Amino acid sequence: MEKNGKGFSMPKSSLKSTPSKDDSSQKSKEGRKVQFNNGGSPEERFDYSKSNGKSSSSADKGGRGNTANVKASKSKEKEPLELRLNQELLKNAKCLMDCEAAEIIQGIQDQMTLLSQDATIKLPVSFHKGLQYSQANARYTNTHSVRRVLEYPSYFNVNVLTKLPSTLKKHGVVEGEISVIANACPESTEEVFALVPSLKSKKSILQEPLEVALMVIKPLRKVDSTSV
Amino acid sequence: MYLQVKLPWNVIIAPENLDIKGVLLQRAILVKVLEEFASRRAHKDLGYHIAVTSLESIGDGKVRQHTGEVLFPVVFSAITFNIFRGEVLEGRVHKVFKHGVFMRCGPMEHIYLSCTKMPGYRYVPGENPEFINEKSPPVGKDDLVRFMVIGTKWLEAEREFQALASLEGDFLGPLPRPEI
Chain A
1 MEKNGKGFSM
11 PKSSLKSTPS
21 KDDSSQKSKE
31 GRKVQFNNGG
41 SPEERFDYSK
51 SNGKSSSSAD
61 KGGRGNTANV
71 KASKSKEKEP
81 LELRLNQELL
91 KNAKCLMDCE
101 AAEIIQGIQD
111 QMTLLSQDAT
121 IKLPVSFHKG
131 LQYSQANARY
141 TNTHSVRRVL
151 EYPSYFNVNV
161 LTKLPSTLKK
171 HGVVEGEISV
181 IANACPESTE
191 EVFALVPSLK
201 SKKSILQEPL
211 EVALMVIKPL
221 RKVDSTSV
Chain B
1 MYLQVKLPWN
11 VIIAPENLDI
21 KGVLLQRAIL
31 VKVLEEFASR
41 RAHKDLGYHI
51 AVTSLESIGD
61 GKVRQHTGEV
71 LFPVVFSAIT
81 FNIFRGEVLE
91 GRVHKVFKHG
101 VFMRCGPMEH
111 IYLSCTKMPG
121 YRYVPGENPE
131 FINEKSPPVG
141 KDDLVRFMVI
151 GTKWLEAERE
161 FQALASLEGD
171 FLGPLPRPEI
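Order-wise, the sequence lines are chains A and B. Note that UniProt numbering gives residue 78 to position 78 of the first sequence, counting from 1, and the numbers run on in steps of one. Note that UniProt numbering gives residue 83 to position 83 of the second sequence, counting from 1, and the numbers run on in steps of one.
For reference, chain A alone in the conformation it holds in the complex (with noise of 0.2 Å):
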């Protein structure tokens, strides 16, 4: 479906994904450039602009989104990249953190030793590769809470205990935010806005709810942990 060109935007924005017309002139002053695109087929291209919570299933909106794609993407390529999830998959999806998912796919494992045996019993090929890095990437110990925390910092502040209860959800932040959050394992406020873009809006009433949180959440790490 790629390959007829459409359902694809390309927009010109400062990754040089133009046409082999400039890459060539570049090519001859700087010699071998890496391009995005393929040489062999230049109809392949990469979706850069799934955001806009608009749906992610570039090749069923074919060529009627290019012009919008292009159009929206012009005027947000110097705004910073930010994170954004298809809403309509999110209706019946529900965004993990890694530690979460490490003890799901874990009590799976648990359960094919016995049923390994049985070959009828399929597991996708990607099942141990998805294992392995949810559990070298779980950097928590405790994922429940860490969950609570981020979604209710404020139950955690004892200073603010006169105050109404905030979440981060209130404030509009959405599971993937959270997700993202939670698997970077911040230091600082300053990190969490420098990683989640889409949060610097919302800055002034985020600040104190996110620093609660981190530093709850600081105690609940493991001591070594390496992702893969």
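The hints are simulated quantities; they were obtained by calculation from the structure and are not laboratory data. Model, not experiment: these values are computed from the prediction. Don't take every hint at face value.
Below, computed lysine to aspartate or glutamate pairings styled on EDC-like, alpha-carbon distance capped at 16 Å [what the hints assert, rightly or not]:
#, chain 1, residue 1, chain 2, residue 2
1, A, 129, A, 103
2, A, 122, B, 35
3, A, 122, B, 36
4, B, 32, A, 103
5, B, 95, B, 36
6, A, 129, B, 45
7, A, 200, B, 170
8, A, 91, B, 109
9, A, 200, A, 190
Residues of chain A clear of chain B, computed beta-carbon distances all greater than 10 Å [stated by the list, open to error]:
#, residue
10, 184
11, 215
12, 222
Distance ranges between label pairs, derived from CB positions [unchecked claim]:
#, chain 1, residue 1, chain 2, residue 2, range
13, B, 63, A, 222, 49 to 59 Å
14, A, 151, B, 170, 18 to 28 Å
15, B, 67, A, 223, 24 to 34 Å
16, A, 141, B, 138, 30 to 40 Å
17, A, 204, B, 55, 45 to 55 Å
18, B, 43, A, 222, 30 to 40 Å
19, A, 171, B, 35, 41 to 51 Å
20, B, 73, A, 219, 26 to 36 Å
21, A, 120, B, 98, 45 to 55 Å
Using N, Cα and C, we set each Cβ at its ideal position, and we do this for glycine too.
Dock chain B against the given chain A, drawing on the hints supplied.
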């Protein structure tokens, strides 16, 4: 990131697996779901299939004429892994070239980090080529790198994803190598 998804699928059961005893039929349906989930490998919106977690419901079966097979609508929960534009992840470098490196992240094997997206780094050839930076740790084979995803591509024929990464931004880059 990992997603926990609820999927409605139609499962076709062959006549020989239809048994008066409901337990065997339920087993046949579950085995079929596992088989199809494993064979499909990945979905363009949900990402790589990791595992089925539970069978939520099995609807009334509909007999298909001519073949005698029965079609059951089922709903099940599963874990998938996908990466999204704007997401921050950690990947491990597995190939180093003059113009960039390839990383893997979980089941995703083809994440390309171009040298143009590694500000301050220059390529150093040799037996163990790597990219070095005066102020940051190097980027070489088997190094862990925190990156941001700037683009993704779904390959329908291969049923796999490719992605583009960038280190342009604060708090992005290689993690320090463990001291020996």
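How the hints compare with the structure:
1. A threshold of 16 Å between alpha carbons decides the hint, and for residue 129 of chain A with residue 103 of chain A the separation of about 15 Å falls inside it, so the pair holds.
2. The straight-line distance between the Cα atoms of residue 122 of chain A and residue 35 of chain B is roughly 6 Å, inside the 16 Å bound, and the hint therefore holds.
3. The straight-line distance between the Cα atoms of residue 122 of chain A and residue 36 of chain B is roughly 9 Å, inside the 16 Å bound, and the hint therefore holds.
4. Distance check on the hinted pair: residue 32 of chain B and residue 103 of chain A sit about 25 Å apart at the alpha-carbon level, beyond 16 Å; violated.
5. Straight-line distance between C-alpha atoms of residue 95 of chain B and residue 36 of chain B comes to about 33 Å, which puts the hinted pair past the 16 Å bound.
6. Only pairs whose Cα atoms come within 16 Å are accepted, and residue 129 of chain A paired with residue 45 of chain B is rejected, the gap being roughly 19 Å.
7. Distance check on the hinted pair: residue 200 of chain A and residue 170 of chain B sit about 14 Å apart at the alpha-carbon level, within 16 Å; holds.
8. A C-alpha spacing of about 28 Å is found between residue 91 of chain A and residue 109 of chain B, which places the hinted pair above 16 Å, so the restraint is violated.
9. For a cut-off of 16 Å, the pair hint linking residue 200 of chain A to residue 190 of chain A stands: about 10 Å separates their Cα positions.
10. Against chain B, the non-interface label of residue 184 of chain A is violated: not every CB pair exceeds 10 Å, the least being about 6 Å.
11. No beta-carbon of chain B comes within 10 Å of the beta-carbon of residue 215 of chain A; the shortest separation is about 18 Å.
12. With a closest Cβ-Cβ approach of about 15 Å to chain B, residue 222 of chain A is found to remain outside the 10 Å limit, as its non-interface label requires.
13. For residue 63 of chain B paired with residue 222 of chain A, a C-beta distance near 54 Å keeps the hint of 49 to 59 Å intact.
14. Checked against the given bound of 18 to 28 Å, the beta carbons of residue 151 of chain A and residue 170 of chain B, roughly 25 Å apart, stay inside it.
15. In this structure the hint that residue 67 of chain B and residue 223 of chain A lie 24 to 34 Å apart at CB is violated, the actual value being about 59 Å.
16. The given range of 30 to 40 Å is respected by residue 141 of chain A and residue 138 of chain B, whose C-beta atoms sit roughly 32 Å from each other.
17. Between residue 204 of chain A and residue 55 of chain B the C-beta distance comes to about 46 Å, which sits within the given range of 45 to 55 Å.
18. The hinted range of 30 to 40 Å is satisfied by residue 43 of chain B and residue 222 of chain A, whose Cβ atoms lie roughly 32 Å apart.
19. For residue 171 of chain A paired with residue 35 of chain B, a C-beta distance near 44 Å keeps the hint of 41 to 51 Å intact.
20. Roughly 47 Å separates the CB atoms of residue 73 of chain B and residue 219 of chain A, a value that falls outside the hinted 26 to 36 Å.
21. Distance hint for residue 120 of chain A and residue 98 of chain B: a CB-CB separation of about 48 Å, consistent with the stated range 45 to 55 Å.
Violation of the numbered hints given earlier is confined to hints 4, 5, 6, 8, 10, 15 and 20; the remaining hints are satisfied by the structure.
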